[in-house]
Amino acid sequence: MNRLIVIKGAGDLATGIAHRLHCSGFSVVTTELPQPTVIRRTVSFAEAIYTGTVVVEGITAVKTSMERTLQVVEEGKIPVVVDPTGVMIKQLQPWAVVDAILAKRNVGTQITDAPIVVGVGPGFTAGVDVHAVVESMRGHYLGRVIHAGQAIPNTGIPGELGGYAKERILRAPCAGVFRAERQISDLVSAGETVAWVNEQPVVVAISGVLRGLLKEGLSVEPDMKIGDVDPRCQPEHCFTISDKARSIGGGVLEALLYYAARAHQG
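Sequential numbering from 1 applies to the sequence shown in the working numbering.
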């Protein structure tokens with residue numbers, strides 16, 4: 001099964017999807033912004049934009065030009081291409097497109113982009129701008145494939161981990177340049193300063209493991225998400241794909257196989 005799939009986005013959830021599809025025998029290409037603002041950088045293929053190469057659970061992703069994309073795929077790696085507008089989709093004409101940007105709205109994906117088009121999370125309507133939607137909200141319906149209609153609307157409240165929801169998210173106190181004081185996988189205590197935006201401290205509200213942190217030197221806007229504390233205190237979780245990403249990846253795989261079977265049947 002060597003069908004080419006373009007995944008828009010290479011953050012931690014998109015990486016979980018890409019990893020699952022790659023391990024299932026598909027050829028996968030990912031696209032990203034010139035300066036990704038991902039938080040869970042240790043499990044995001046988007047980090048390759050800054051470092052050139054990144055390995056997540058044994059799968060290697062490489063920052064790649066559009067011209068070398070298929071060559072990198074043939075090498076058994078996942079290309080990460082700077083392509084914010086999806087130009088590559090028209091060039092490659094993939095078998096499937098997965099929009100995993102998680103923008104909470106559709107920023108340009110169309111049902112005509114490929115024979116199979118899947119949207120992750122709110123902002124898409126199955127049967128209108130995509131063939132299927134995969135639920136991204138934590139809870140009973142996480143990973144469910146929706147063939148008609150939309151995912152659960154964005155509530156603005158993060159999913160609960162270890163009894164905490166919005167308390168575990170770190171946000172920029174002002175506009176400015178982000179500077180890290182601690183690093184991903186560090187154990188931190190409530191009230192501790194873990195980063196700065198200009199001269200304003202970023203203080204954690206709960207104790208736990210610093211699971212995600214924005215790349216140092218990036219410019220941020222007020223209230224922008226810049227970090228994530230996991231109260232479950234398992235540092236090793238910082239380096240493996242999350243349960244949420246695996247579940248969504250399974251939903252995307254199901255959607256692709258469902259529509260592939262329908263096409264085969266006639």
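Honestly, the hints are just simulated from the structure, not real lab data.
Accuracy of the hints is not assured; some may be wrong.
[Claimed, not checked] Capping the alpha-carbon separation at 27 Å, the derived lysine-lysine pairs in DSS-like fashion look like this:
hint	residue 1	residue 2
1	Lys215	Lys225
2	Lys166	Lys77
3	Lys215	Lys244
4	Lys215	Lys77
5	Lys166	Lys90
6	Lys244	Lys104
7	Lys104	Lys90
- request: Could you tell me which of the numbered hints above are not met by this structure, giving the numbers in increasing order?
  value: When the structure is compared with the hints, numbers 2 and 5 turn out to be violated.
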